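With this note's numbering, letter number 19 in the sequence shown gets 26, and the count goes up by one each step, no holes.
Hints listed in this document are in silico derivations from the structure and should not be mistaken for laboratory results. These numbers come from a predicted model, not from an experiment. Note that CB positions come from ideal geometry on N, CA and C, so glycine has one too. One or more of the hints may lead you astray.
To be verified - Ranges between beta-carbon positions, derived for each pair:
no., residue 1, residue 2, range
1, I90, T55, 21 to 29 Å
2, M48, I90, 20 to 28 Å
3, Y30, R71, 33 to 41 Å
4, D91, M31, 40 to 48 Å
5, S93, T68, 29 to 37 Å
6, F42, G73, 32 to 40 Å
7, D65, C45, 14 to 22 Å
8, C45, D91, 30 to 38 Å
9, N66, M38, 26 to 34 Å
Said to hold, decoys possible - When the alpha-carbon atoms are kept at most 27 Å apart in a straight line, the in silico BS3-like pairs for lysine-lysine are as follows:
no., residue 1, residue 2
10, K40, K51
11, K92, K70
12, K51, K99
13, K92, K51
14, K99, K70
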Amino acid sequence: MTTGTDIHWSVLCLDLQTILLTYMTNEHYHMIKSFQLCGNMFVKNCFTSQFLYEPGIDNDTAKRTGLTRAGIRSLPRELSYPIDKSETWHDKYDFIMFPSMSSLMGKNPNEPFDKVGNVRLPTPRKLKIYILL
8 MTTGTDIHWS VLCLDLQTIL LTYMTNEHYH MIKSFQLCGN MFVKNCFTSQ
58 FLYEPGIDND TAKRTGLTRA GIRSLPRELS YPIDKSETWH DKYDFIMFPS
108 MSSLMGKNPN EPFDKVGNVR LPTPRKLKIY ILL
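Using the sequences and the hints, build the whole thing.
Structure (structure tokens):
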């Protein structure tokens, strides 16, 4: 049995455009009607976005460091979980990106992905999902 302090949330980011262009033969799609997640997980929310999110930073930091010009934003309120002042976001939560940014660098677009980004050791976790289109 787990208590409230044992629950560990994760944000799973799927770059569906890249995944579909890699694995689907029909490169023309207009919408996603549905998708299915399998396994023993609880999905709280699902979002789509044109931006890449960087957890653990606020909007002021993103603007000051120039991340917003590169299309990177801080997590929206719906995706953020609270942290204590003595904690960092990455110490308390996981951010999993597929495909990882490093697997996209210099990659042949016809080869399948072999890396998932920012994954810690597998333990029972709850996933919070957003989808990057």
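Right, here's what the structure says about each hint:
The given range of 21 to 29 Å is respected by I90 and T55, whose C-beta atoms sit roughly 25 Å from each other. Take M48 and I90: their Cβ atoms lie about 22 Å apart, and the range 20 to 28 Å holds. Checked against the given bound of 33 to 41 Å, the beta carbons of Y30 and R71, roughly 38 Å apart, stay inside it. The given range of 40 to 48 Å is respected by D91 and M31, whose C-beta atoms sit roughly 43 Å from each other.
At about 18 Å, the beta-carbon gap between S93 and T68 misses the expected band of 29 to 37 Å. Here the CB-CB span from F42 to G73 is close to 33 Å, well matched to the stated 32 to 40 Å. Here the CB-CB span from D65 to C45 is close to 35 Å, at odds with the stated 14 to 22 Å. Taking 30 to 38 Å as the suggested C-beta distance range, the pair C45 and D91 conforms, at roughly 34 Å.
As the Cβ distance of N66 to M38 is approximately 30 Å, the hint placing it in 26 to 34 Å holds. A threshold of 27 Å between alpha carbons decides the hint, and for K40 with K51 the separation of about 19 Å falls inside it, so the pair holds. Using a Cα cut-off of 27 Å, the hinted pair K92 and K70 holds, with the two alpha carbons roughly 22 Å apart. Between K51 and K99 the alpha-carbon distance is near 17 Å, which keeps this suggested pair within the 27 Å criterion.
Distance restraint check for K92 and K51: the Cα-Cα separation of roughly 25 Å lies within the 27 Å cut-off, and the hinted pair is therefore satisfied. Of the pairs offered as hints, the one joining K99 and K70 holds, with about 24 Å between alpha carbons and a cut-off of 27 Å not exceeded.
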